[in-house]
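Q: With these hints in hand, go ahead and build the complete structure from the sequences.
Chains A and B, in that order, are what the protein sequence lines are. With the UniProt record's numbering, letter number 187 in the first sequence gets 187, and the count goes up by one each step, no holes. With the UniProt record's numbering, letter number 36 in the second sequence gets 36, and the count goes up by one each step, no holes.
Hints were generated in silico from the structure; no laboratory data involved. Keep in mind that this is a model prediction, so the values were computed, not measured. Do not take every clue at face value.
[Unchecked claim] Residues of chain A placed beyond 10 angstroms of chain B at every Cβ, according to the derived structure:
#1 S9
#2 K29
#3 V34
#4 R75
#5 A98
#6 L161
#7 S199
#8 D207
#9 I209
#10 A210
#11 E213
#12 R214
[As the list claims (entries may be wrong)] Simulated DEER-style distance windows between Cβ atoms:
#13 B/D18 <-> A/A90: 18 to 26 angstroms
#14 B/A120 <-> A/E213: 45 to 53 angstroms
#15 B/A149 <-> A/E101: 45 to 53 angstroms
#16 B/S16 <-> A/S66: 26 to 34 angstroms
#17 B/R8 <-> A/S66: 40 to 48 angstroms
#18 B/E159 <-> A/A45: 21 to 29 angstroms
#19 B/E159 <-> A/E213: 52 to 60 angstroms
[Claimed, not checked] Straight line, CA to CA, 27 angstroms or less: simulated DSS-like cross-link-like pairs of lysine-lysine:
#20 A/K49 <-> B/K119
#21 A/K49 <-> B/K171
#22 A/K216 <-> A/K227
#23 B/K171 <-> A/K25
Cβ coordinates follow ideal geometry from the N, Cα and C atoms, glycine included.
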Amino acid sequence: MTEHDEKMSEREEVEMLLPWYVSGKLAPKDQRRVEDYLNAHPDMAHQLKLIEDEAEASITSNEEISGAPAGSLDRLLAEVAAYEKKRVVANIPRRLLAWTESLANDLTAPKLRWAAAAVATVVAIQAVTIGVLLVGDGTQPQFKTASGDKAQPAATGVIALVRFTPEASINEIGSLLETFGASIVAGPMPGGIYRIRLSTENLSDKDAIALIERFKSSNKMISFAAKAPGAKKP
Amino acid sequence: MEQAAADRELVERITSGDQTALAALFARHQVRVFRFISRITGSDAVAEELVNEVFMDVWKQASRFEARSAVSTWLLSIARNKAFSVMRRRREVAMDDDAATTLADDADTPDITAQKSNKADVIRACMNHLSAEHREIIDLVYYHEMPIAEVSTIVGIPENTVKTRMFHARKRLSVLLAEAGVDRGWP
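A: See below:
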């Protein structure tokens, strides 16, 4: 017999709804049903205290677990970058194949068509090879931390070097970045520095510095913020 | 903006390849997802690995998200599937519903009273001795505050089964508490 096949009394059915009654997550109809039953059967109120004890135990047990450790978000973004790189490389042959077919179909003489297709295929193979050489084979993440490759990622827009206070949580940093429409380009580097893109537009030095200052003064968890050296000049 | 609406907007941005939106969604939900997985598997290391997998799935499948349920429900559904896949591979739990109601716990008669001084600690210890399915549903209802319909979506069982499973989980908890010397007067 499965759980829901069991025949239940009205009392049991109401008992089943009590956990959601206590958390206020019942549909209005069920809410009234439980209230009516509790009014008619005050002895069941004892159950509500049991449920409160259970809820407290569940909440406390969960709150004791911290959450993903620092660096998890960086690792996720690195995996996303690696995945996107693989996807781009995988799509090159498909697009080129479609192009060669289209080119061949546009020609009329059969011999000419075959010759053009052969040339186009050679071009396609060369393009794929060059593409793989330029982009990589997708097995290495595009995202680099400071402990890895020393080369800095290409910088466009306004890039700032930012350090957060040790108390700053991932949640707070995420919210702050969202507020500014900013994104982490790289980091953390030695000293806990991140490269953060504050704007995708290339602003004048004066405007870029003003934006960075505004960003820095917006939250006390930013202990340092300055224009990244070598960032693209407007 | 309401949390659920803001989450949906983030998923829309992720669909168009916005990594900042993914980072924001991660920041909002990673703690709950991590705790949910950790409580099912009993391992923070597994939770750390699976949380990343959950959000990678979000990145890859954002366009398939159907706004019929909340984003938080979707995330916990993905997390649950991954957590129980790990559990199945470990062969530590039985997955069918009938077994879930009668599953023998790791320690049916925990020597808890000798170690725990107050009732709240005893309840928590007994809760940890419930089967993974029972502990999961208790957490979904009490900690994650999920309504019946959302639990049904996450666990993949009918709403009536959600209610009866929660009922059996609470009864089982009472049995464990009685064995540990705490008589709750119910059932």
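Q: Which hint numbers doesn't this structure obey?
A: Structure breaks hints 4 and 17.
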